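A.B. asks: Below, each chain spelled out in residue letters.
Number of protein chains: 2
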Amino acid sequence: MSQLDKTIGEIQSLDDDAMRAARARQDQLTKPQGALGRLEALSIQIAGITRDARPRFKQPALITMAGDHGVARQGVSAYPAEVTPQMVFNFLRGGAAINVLARHVGARVVVVDMGVASDLPAHPELVNCKIAKGTRDFSIGPAMTRDEARRAVEAGIAVVTQEIAPSTGAQSGADIIGTGDMGIGNTTPSSAIVAAITRRAVAQVTGRGTGVDDAGLARKIATIERALALNKPNPNDALDVLSDVGGFEIGGLAGVMIGAAARRVPVVIDGFISGAAALIAYGLAPSVQPYLIAAHRSVEIGHRAMLEHLRLEPLLDLDLRLGEGTGAALGISICIAACKILDEMATFGEAGVAEKG
Amino acid sequence: MSQLDKTIGEIQSLDDDAMRAARARQDQLTKPQGALGRLEALSIQIAGITRDARPRFKQPALITMAGDHGVARQGVSAYPAEVTPQMVFNFLRGGAAINVLARHVGARVVVVDMGVASDLPAHPELVNCKIAKGTRDFSIGPAMTRDEARRAVEAGIAVVTQEIAPSTGAQSGADIIGTGDMGIGNTTPSSAIVAAITRRAVAQVTGRGTGVDDAGLARKIATIERALALNKPNPNDALDVLSDVGGFEIGGLAGVMIGAAARRVPVVIDGFISGAAALIAYGLAPSVQPYLIAAHRSVEIGHRAMLEHLRLEPLLDLDLRLGEGTGAALGISICIAACKILDEMATFGEAGVAEKG
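Which chain is which? The protein sequence lines are A and B, in order.
First residue of the first sequence? That's 1 in this note's numbering, and the numbers climb one at a time after it.
First residue of the second sequence? That's 1 in this note's numbering, and the numbers climb one at a time after it.
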């Protein structure tokens with residue numbers, strides 16, 4: 001049995017007892033029942049995920065995975081491909097948006113090279129899981145082999161498992177995970193994945209990414225249509241979709257989601273690229289769904305189709321379209337707030353407050 | 001000239017230079033221009049408010065004002081009136097939702113008695129601005145005199161001015177303010193205010209508050225309709241509306257908004273009751289509008305009409321309907337995140353990242 005199949009087999013359903021206990025406690029806290037809306041529901045979901053009626057978080061981690069895309073040669077992005085490694089260095093130096101927001105919410109950032117096209121120098125905070133130096137151009141053939149696709153997902157499982165229960169004592173284990181991505185051109189595979197899996201027209205799920213003009217958008221749509229016609233991904237076989245039109249960071253993030261679910265750790269998924277990864281994870285293991293929390297609704301048009309397919313309602317809607325895990329960072333803060341409400345508020349009895357008449 | 005008129009006269013427009021500088025810096029940060037959506041716009045607004053191209057916050061404060069309502073005797077709330085002082089004690093002991101969320105976002109909570117119906121014992125952290133022991137039942141006459149209405153607003157100005165520049169050295173000055181409320185029955189005056197000022201039908205802007213049943217909702221609507229017919233508040237005279245159908249905590253919160261704007265401090269307004277206060281503040285001083293940031297969209301149906309009238313787009317939509325400042329606390333965290341992005345991110349030049357091709 002492969003590591004992937006073994007991990008999928010370890011995913012259990014949410015814990016009903018913890019959810020019942022959390023619901024009962026929410027209803028005893030000094031507020032009208034349900035008055036904190038989605039924060040209450042979120043805390044109960046997380047109780048079920050963690051099997052703990054009063055979950056507390058000590059160490060959030062944002063896992064940001066980077067990869068390059070052969071299809072970027074087709075002129076589908078507004079930025080040159082060398083920006084991928086440049087931004088990886090920016091992450092490692094702490095100057096990117098994800099670093100700022102991770103500090104704001106008290107999370108650490110884990111930067112992973114899943115398949116950047118250039119050689120990156122060793123760095124103590126860079127996790128090297130490079131499957132290959134970028135995917136192949138999927139407008140002329142599959143992006144990667146099926147074996148590479150599986151290895152990308154399994155690398156994601158290994159990374160998140162190591163973050164949750166580090167083998168060295170140097171750092172504490174992550175207890176809530178956010179996902180993020182970096183990869184010039186990676187809205188193109190993400191649109192291809194959502195088109196393939198949800199069987200929608202490419203034009204319906206393809207947006208401007210970092211900001212291509214009208215001609216760039218038309219080229220992007222035509223490129224994806226050509227790729228789907230050529231590679232014929234099987235929507236019922238997520239590894240086939242990933243290998244035909246995916247990306248290494250997308251596969252890695254799918255693995256992060258599966259690995260976190262297997263360890264009963266909540267996963268806050270970022271925007272469009274993380275959404276594509278979630279489609280792959282959900283295709284491989286539908287049991288991952290209740291472990292996923294959608295941080296925000298991306299500006300990217302195809303994100304709505306993803307969230308609908310995944311039956312997820314995002315927490316935030318702030319017109320974000322950056323990726324990196326920026327939305328996930330803010331979403332993690334909302335999750336922690338929801339759990340603090342559940343854990344720290346006084347009950348009617350403790351506070352001597354009269355209940356509803 | 002009254003203190004109120006003097007303070008209104010001190011409100012200036014947002015600072016164009018600071019906003020231009022903030023916009024220019026946002027466009028040089030290592031992300032596609034505009035990719036952080038509303039966070040970027042928010043940081044620029046706050047730059048204009050604070051007259052600082054890189055605003056930094058050290059001390060957020062949530063000002064939660066409490067008051068009782070004579071109209072509660074008409075059976076318009078699901079909770080008995082004694083809950084107002086009980087919740088004030090809960091705030092002072094740190095067990096309420098607002099305390100939990102204030103700790104989560106690093107804010108202090110300032111609890112103000114604007115008009116609780118009972119005598120509250122002195123407490124070092126309770127600010128006593130009691131105008132009267134609850135308003136009068138506005139279904140049989142005005143809620144308060146015009147002089148009381150003015151004094152409530154001026155008390156709010158005094159409280160926020162003291163928080164921003166404390167006269168003792170014991171605590172640092174607040175540099176971003178959130179508003180909150182506590183008062184059994186206070187969705188009723190809030191619905192009356194929004195109906196009076198926006199000239200909408202009472203049934204269109206009246207919801208279930210903390211959870212009245214169908215009969216309670218019908219009673220609430222009929223009570224407000226009777227009050228408006230009897231007291232005839234003048235929609236063009238916000239002090240008249242406040243005195244006819246308002247509340248002491250609502251007047252106080254209007255003063256907080258006006259006082260903060262006069263000191264160039266951003267005000268993050270909570271949900272429905274803070275929205276009613278914002279309608280009063282805006283009626284008294286339209287120049288307050290650009291200083292207001294709407295934290296969230298409340299479940300209370302009349303909140304949409306308020307936000308539309310105030311031309312504010314809320315940051316969050318989490319089905320909250322608690323009040324206390326809970327939504328404002330989360331909104332403050334988003335504002336701080338937005339300003340940290342502006343201040344802490346590396347520019348393309350600093351990070352050696354290629355710009356858009």
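Among the hints, a few may not be true.
Since the list gives no way to pick out one identical chain from another, each pair is judged satisfied if it fits inside one copy or across any two copies.
Straight line, CA to CA, 27 Å or less: simulated BS3-like cross-link-like pairs of lysine-lysine [what the hints assert, rightly or not]:
hint	residue 1	residue 2
1	K133	K232
2	K133	K58
3	K356	K232
4	K130	K6
No wet-lab data here; the hints were simulated from the structure.
Just so we're clear, the structure is a prediction, and the values are computed from it rather than from any experiment.
A.B. asks: Evaluate each hint against the coordinates.
C.D. replies: Each hint, compared with the structure:
1. K133 <-> K232: Answer is within: at 24 Å inside a copy they meet the 27 Å cutoff, but 74 Å across does not.
2. K133 <-> K58: neither (36 Å within a copy, 44 Å between copies)
3. K356 <-> K232: Cα proximity of K356 and K232: none, with 59 Å in one copy and 33 Å across.
4. K130 <-> K6: Within one copy only: 23 Å inside a chain, 65 Å across chains, cut-off 27 Å.
Checked against the numbered hints listed earlier, the structure breaks hints 2, 3; every other hint is satisfied.
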